[in-house]
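Asker: Sequence:
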Amino acid sequence: MSYHLMSLLWILASVPFLIFSVQRLVYELHMMQLNTYRNDRYGAWLKAKGPRRFKDLLPLLAGAPLIFIGGFVAELIAVLLWGLFYLIFVQTRDKTPPKKPLVFTKRATRLYVTVLAIYFLPAIAILLLIVANEGATMLVRGVFLLLLALLPFLSPLFIVAANTFMQPFEEHQQEKFFDEAHDLLAEQQNLLKIAITGSYGKTSVKHILNRMLEEKYYTLMPPGSYNTPMGITKIIRGQLKPMHQAFVTEMGAKQQGDIAELCALVEPGYGIITALGEAHLESFGSFETIVDTKFELAEALPEDGVAVLNFDDPAIRDNAYRVKGRVISYGIESPDLDYWAADIRYHYRGTEFTLCTKDGAKEEFRSQLLGIHNVYNIVAAAAMAHDLGVSFKQMKRAVSALPPVEHRLELKTTANGLNIIDDAFNANPVGAAAAMEVLGQIEGGKKFLITPGMVELGAKEYEENKKFGVHAAAVCDYIALVGEKQTEALKDGILSAGFPEDQLFIAQNLNEANTFVYGKAGKGDFVLYENDLPDTYNE
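Numbering-wise (the numbering used here), the sequence shown opens with residue 1 and increments by one.
Calculated from the structure, these hints are not laboratory results.
The reader is advised that the hints may include incorrect statements.
To be verified - Cross-link-like lysine to aspartate or glutamate pairs, in silico, EDC-like; alpha carbons within 16 Å at most:
1. K412 to D422
2. K396 to E214
3. K362 to D343
4. K234 to E175
5. K358 to D387
6. K460 to E410
7. K324 to E288
8. K324 to D304
9. K254 to D40
10. K412 to D525
11. K324 to E303
12. K324 to E352
13. K485 to E461
14. K234 to E299
15. K254 to E288
16. K393 to E214
17. K396 to E352
Stated by the list, open to error - Label pairs and their calculated CB-CB ranges:
18. D40 to K362: 48 to 54 Å
19. R397 to G444: 26 to 32 Å
20. G224 to D40: 24 to 30 Å
21. T289 to G224: 24 to 30 Å
22. Q508 to T354: 43 to 49 Å
23. D492 to D40: 28 to 34 Å
24. G71 to I11: 17 to 23 Å
25. Q189 to A48: 45 to 51 Å
26. T105 to D336: 43 to 49 Å
27. V90 to Q368: 42 to 48 Å
In this text, all values refer to a predicted model and were calculated from it rather than measured experimentally.
A virtual CB, placed ideally from N, CA and C, is assigned to each residue, including glycine.
Let the sequences and hints guide you as you build the complete structure.
Answerer: What follows is the structure in structure tokens.
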């Protein structure tokens, strides 16, 4: 076989390698985006949850014939192995659509182009040395092949290198956009700026409050879970108009200082702190740090500002002294509240309760939202809206028309009469307990649970998931757990409570769980989806 024909074989056999490399880099870009382009967070994810792709090293075997045997037959075996391994990798890749897809924003596109350049410049150079270097020994070409085979395995290093290289430019861009958004907000001196934070409930409170304020004001609210500096900045720069009278935003955090940064952008005059818990404990390190971080909002409010605080939460009540301005308390159980809910009733169509105020007013509220935690959310929003001049009549109208927030105890009924309770956005101890309470109190048919459990709870993750399992065992007729490793604590809790083993199913993925449940559920039954693990937690 001629040298030119062998070179052509090497080129053809390397096409699957190039395709696989692109797929791997897209995946790493996606994970970097989910970790907010932070190398430290991406590194922590890679260490804790990242896949161990040692199968990527199998193509190293293609270099063995060149290094240890040599000759025409050895090279033919090498080129066939090289192409075959990557062809198999390309064909057998996971084709499951991601739960939160990669978004090719301008930043993601810049990073992608950079990582392609950093990766493929050496890759193409090495490939050319293998193909075109006719005078090189088999040993040298075999070493080059080993280097080439290592590149996909080292793709996390390439994405980190590209991200590091682009960081100064991205920081400059972010600072520029951040300053523009800050100035746009500052120019509208009469704009009501309301910020909401907490470990749980902030997105729901944002939606409820915005709908209440729409009864009186022209409002702007970032959609979905936009709660990062760049997410909020994007909405301000793109959508804020002079006619807006109120801006309602949530503020998320994964480490100390995140809320302070957002407050420097928005400069809110009003704030709500919903609840404090151990969500994202892995990144915060301690519950005390979580408290300090969330109260960065309270401390940023001006002396004439207003903080609406959940006094049923001991950590919030104990830290209310940090507020320089006026405090409005709300809750259900505590005494001496400014706003509270009483006589709570809920059923499969929603919730009813009496909203009470410190001055003796009482109003009946009806909502399609399910769960005790949504009662808290409505009362928090009502306390703020009422202080801003929205009447009870206006609030009641807003609440009655509110659809459930997507994937947060959202009730749906299928054509064949099966009731789906979608609480898949995320799960935390408070939300999971509320979901179990709703499922337990709804009258109807059999109760099914599909869940992968809770994540990002740090040292208490096992304990909280086991507790969740005990609660689920008391409520459910059938349970499908998604992910064998991820749900060990849940399984321990469920079985310790005496749940029948033949009614518990451990699924490898969501499709398997659905097959199990829908094979047993029928008209009038209830299926609760509790949590939907982010792509960074796929087993």
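Asker: Each of the hints needs a verdict: does it hold here or not?
Answerer: Structure-based check of all given hints:
Restraint check for K412 and D422: the C-alpha separation of about 8 Å stays at or below 16 Å, so the hint holds. This hinted pair checks out: K396 and E214 have alpha carbons roughly 13 Å apart, not beyond 16 Å. Distance hint between K362 and D343 is fulfilled; the C-alpha atoms sit about 11 Å from each other, no more than 16 Å. For a cut-off of 16 Å, the pair hint linking K234 to E175 stands: about 12 Å separates their Cα positions.
For the suggested pair K358 and D387, the alpha carbons sit about 13 Å apart, so the restraint of at most 16 Å is met. Taking the CA atoms of K460 and E410, the gap is near 28 Å; set against the 16 Å cutoff, the hint is violated. With a C-alpha separation of about 20 Å, the suggested pairing of K324 with E288 is violated against the 16 Å cut-off. Restraint check for K324 and D304: satisfied, since their Cα atoms lie roughly 8 Å apart, inside the 16 Å limit.
With a CA separation close to 12 Å, the supplied pair K254 and D40 stays within the 16 Å bound. Distance restraint check for K412 and D525: the Cα-Cα separation of roughly 12 Å lies within the 16 Å cut-off, and the hinted pair is therefore satisfied. Under the criterion of a C-alpha separation no larger than 16 Å, the hint pairing K324 with E303 is consistent with the structure, at around 5 Å. Proposed proximity of K324 and E352 is contradicted: the alpha carbons are some 35 Å apart, above 16 Å.
Proximity of K485 to E461 is assessed by CA-CA distance (about 13 Å); at most 16 Å being required, the pair is judged to hold. For the suggested pair K234 and E299, the alpha carbons sit about 25 Å apart, so the restraint of at most 16 Å is broken. Between K254 and E288 the CA atoms are separated by roughly 13 Å; this keeps the pair inside 16 Å, and the hint holds. Straight-line distance between C-alpha atoms of K393 and E214 comes to about 13 Å, which keeps the hinted pair within the 16 Å bound.
For the suggested pair K396 and E352, the alpha carbons sit about 11 Å apart, so the restraint of at most 16 Å is met. Between D40 and K362 the beta carbons are some 51 Å apart, a value that agrees with the proposed interval 48 to 54 Å. Against the hinted window of 26 to 32 Å, the Cβ-Cβ separation of R397 and G444 comes to about 29 Å, which satisfies the hint. Checked against the given bound of 24 to 30 Å, the beta carbons of G224 and D40, roughly 25 Å apart, stay inside it.
Between T289 and G224, the C-beta spacing of about 26 Å keeps the proposed range 24 to 30 Å intact. In this structure, Q508 and T354 meet the distance hint of 43 to 49 Å, their C-beta atoms being roughly 47 Å apart. Roughly 32 Å separates the CB atoms of D492 and D40, a value that falls within the hinted 28 to 34 Å. Against the hinted window of 17 to 23 Å, the Cβ-Cβ separation of G71 and I11 comes to about 21 Å, which satisfies the hint.
Taking 45 to 51 Å as the suggested C-beta distance range, the pair Q189 and A48 conforms, at roughly 46 Å. At about 48 Å, the CB distance of T105 to D336 agrees with the hint of 43 to 49 Å. A C-beta distance of roughly 47 Å is found between V90 and Q368, which places it inside the suggested range of 42 to 48 Å.
Hint check: violations occur at hints 6, 7, 12 and 14; the rest are consistent with the structure.
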